[in-house]
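S.K.: Each chain, letter by letter, is given below.
2 protein chains.
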Amino acid sequence: MNKVTELLKIKYPIIQAGMVWCSGWRLASAASNNGALGVLGAGSMYPDVLREHIVKCKAATNEPFAVNIPLFYPQIEKLFEILFEENVKIVITSGGNPELYTKRMKDAGMTVIHVVANVKFAQKAENSGVDAIVAEGFEAGGHNGRDEITTMCLIPSIVKAVNIPVIAAGGIATGRTMLAAMSLGADAVQIGSRFAISKESSAHDIFKNHVLSAKDGDTVLTLKELAPVRMLKNEFFQEIKSLYNRSGSKDELIELLGRGRIKKGIFEGDLVDGNLEIGQVSAIINSINSVAEIINEVVSDYKKAQENLFSF
Amino acid sequence: MNKVTELLKIKYPIIQAGMVWCSGWRLASAASNNGALGVLGAGSMYPDVLREHIVKCKAATNEPFAVNIPLFYPQIEKLFEILFEENVKIVITSGGNPELYTKRMKDAGMTVIHVVANVKFAQKAENSGVDAIVAEGFEAGGHNGRDEITTMCLIPSIVKAVNIPVIAAGGIATGRTMLAAMSLGADAVQIGSRFAISKESSAHDIFKNHVLSAKDGDTVLTLKELAPVRMLKNEFFQEIKSLYNRSGSKDELIELLGRGRIKKGIFEGDLVDGNLEIGQVSAIINSINSVAEIINEVVSDYKKAQENLFSF
Numbered sequence: 381m382n383k384v385t386e387l388l389k390i391k392y393p394i395i396q397a398g399m400v401w402c403s404g405w406r407l408a409s410a411a412s413n414n415g416a417l418g419v420l421g422a423g424s425m426y427p428d429v430l431r432e433h434i435v436k437c438k439a440a441t442n443e444p445f446a447v448n449i450p451l452f453y454p455q456i457e458k459l460f461e462i463l464f465e466e467n468v469k470i471v472i473t474s475g476g477n478p479e480l481y482t483k484r485m486k487d488a489g490m491t492v493i494h495v496v497a498n499v500k501f502a503q504k505a506e507n508s509g510v511d512a513i514v515a516e517g518f519e520a521g522g523h524n525g526r527d528e529i530t531t532m533c534l535i536p537s538i539v540k541a542v543n544i545p546v547i548a549a550g551g552i553a554t555g556r557t558m559l560a561a562m563s564l565g566a567d568a569v570q571i572g573s574r575f576a577i578s579k580e581s582s583a584h585d586i587f588k589n590h591v592l593s594a595k596d597g598d599t600v601l602t603l604k605e606l607a608p609v610r611m612l613k614n615e616f617f618q619e620i621k622s623l624y625n626r627s628g629s630k631d632e633l634i635e636l637l638g639r640g641r642i643k644k645g646i647f648e649g650d651l652v653d654g655n656l657e658i659g660q661v662s663a664i665i666n667s668i669n670s671v672a673e674i675i676n677e678v679v680s681d682y683k684k685a686q687e688n689l690f691s692f
Numbered sequence: 381m382n383k384v385t386e387l388l389k390i391k392y393p394i395i396q397a398g399m400v401w402c403s404g405w406r407l408a409s410a411a412s413n414n415g416a417l418g419v420l421g422a423g424s425m426y427p428d429v430l431r432e433h434i435v436k437c438k439a440a441t442n443e444p445f446a447v448n449i450p451l452f453y454p455q456i457e458k459l460f461e462i463l464f465e466e467n468v469k470i471v472i473t474s475g476g477n478p479e480l481y482t483k484r485m486k487d488a489g490m491t492v493i494h495v496v497a498n499v500k501f502a503q504k505a506e507n508s509g510v511d512a513i514v515a516e517g518f519e520a521g522g523h524n525g526r527d528e529i530t531t532m533c534l535i536p537s538i539v540k541a542v543n544i545p546v547i548a549a550g551g552i553a554t555g556r557t558m559l560a561a562m563s564l565g566a567d568a569v570q571i572g573s574r575f576a577i578s579k580e581s582s583a584h585d586i587f588k589n590h591v592l593s594a595k596d597g598d599t600v601l602t603l604k605e606l607a608p609v610r611m612l613k614n615e616f617f618q619e620i621k622s623l624y625n626r627s628g629s630k631d632e633l634i635e636l637l638g639r640g641r642i643k644k645g646i647f648e649g650d651l652v653d654g655n656l657e658i659g660q661v662s663a664i665i666n667s668i669n670s671v672a673e674i675i676n677e678v679v680s681d682y683k684k685a686q687e688n689l690f691s692f
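Protein chains in written order, with my numbering: chain A, 381 to 692; chain B, 381 to 692.
Chain A with its partners taken away, still in its complex shape (with noise of 0.2 Å):
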């Protein structure tokens, strides 16, 4: 037992990362019911399909779960009632201003996490009354700060300066990782990729065969004119380069990017116009598995690593 997992009511500090395209009901009540907490995405759904994950996420587990919600989502309101009315008991928000939406939902009973990548939003988000804090670093997938801000340093700068429990998430995928995360006084950490690319996500087998493939050096942070992304150098990543070595505009950009890319890369797994978004860590990864294994192997070589740790 430690901070969050009290405070979760689960088994295991490890969180399954809400992705866009990935953490649909199947790979959230996975992750509850093998001891960690799952979390539906809500990046990437309509107001009436995040309700249908809801209810089958709850017919699937009877372990807790959460919603991970982006406050940059266009129809935010309409996800709140839907939060409300299916009496979601935690959510994750990321992405927004944490002042915004957190006291409603603490008066609703919920509790509520939020993502941040820096000290200054750290603060601001105990301030604004969260129960945790998702500290996320540079080497993370997908949607990230701006500060660029690594995980090593991350965590240690955040624990200092606020006394909600903190979870790390960013290059945290194998028993090892999580140790280094916990080491740095992390209370909980979150995984992202490896869960990305597990069984029960619903990104494509094109996409996770591909990320099988990734090595070190593979992923880059782009983007940062919009908000900064990291995804693998495909074809569409050449594209946004050019764009940028002849100075585009930031309008030809946003053309650029058009709408639906990460949908075309991660479920579509149209490995040369999508988006392809996953953290550095893909570059350790080297099989898909099922969550019951994924988690079973990341807590039996965390025991492994900490008993063969280095002491003075």
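If you are wondering where the hints come from, they were derived from the structure by calculation, not from laboratory data. Please note: incorrect hints may appear among the correct ones.
Said to hold, decoys possible - Facing chain B, from chain A, some residues (calculated, C-beta under 7 Å): (1) Thr-530; (2) Arg-556; (3) Leu-689.
As the list claims (entries may be wrong) - Calculated Cβ distances over 12 Å to all of chain A for the following chain B residues: (4) Glu-443; (5) Pro-454; (6) Gln-455; (7) Phe-460; (8) Gly-476; (9) Thr-491; (10) Asn-507; (11) Asp-511; (12) Ile-544; (13) Leu-606; (14) Ala-607; (15) Glu-632; (16) Glu-635; (17) Gly-649; (18) Glu-673.
From the three backbone atoms N, C-alpha and C, an ideal C-beta is built for every residue, glycine too.
With chain A held as given, fit chain B onto it using these hints.
M.R.: Positioned in the frame of chain A, the structure of chain B alone reads:
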């Protein structure tokens, strides 16, 4: 005892980074006398100055110490002559091709360590015959790799890819961060920023005190067109940024850099026009200590963090 303490015949698996304008004989001998490996940073020394520091370091300690040689140093042959003449036992090379000099050093009986920032160069270094590798993450201060791989992701990748000992660098300044690096599979750590502002560092007091005020997000990796470098975002960096914003040429960038910017910043304490190289971990460094104090604190905090680690 572990692989690195045996290889280098030192008490603790801690290497003091060889840093320009910081690591002369005072810092290196203090590190060696306190159980770590002290390292002279030859990058900022004329050949005669390096010889002087080697002689003084030998006089100040009976323990092993090393010299760090950036392989892009203009009078590199002259430096190697001095290393051979002064019978230096351990050499750390960085910023270049390890195949060029490793054999000569090994033939002379030296222990050779090479600094890398990705798997490809780690394997190249191993194949060239080096005894160990320093794997340096994106968060590290000063010269850095192009692939932006963080310590959290770099260490597991490199540990898996090579059979020689791996020394983790980047983001390590405390007992907790050292424990994290060892959790990732490193055999030792290299500590830079913390020693850069130690009492025995030859950096200017104005620089040391300025680093104390650094917060998360205050450093940036820039100058990627030349050689990527992490520095504090001072007025000099704002000039670099302006040049980038108006799409200045590489020649303009070289002219803006001029000569002696790092000396100006670190050694002369010019916070405005100097290049203030330091790591992201500066955000959690809050006091100027002696080398003895730093090493004692790292060892004792490592033990405490290890005892208090979450266990499944």
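S.K.: Checking against the hints above, which ones are violated?
M.R.: Violated hints: none; all satisfied.
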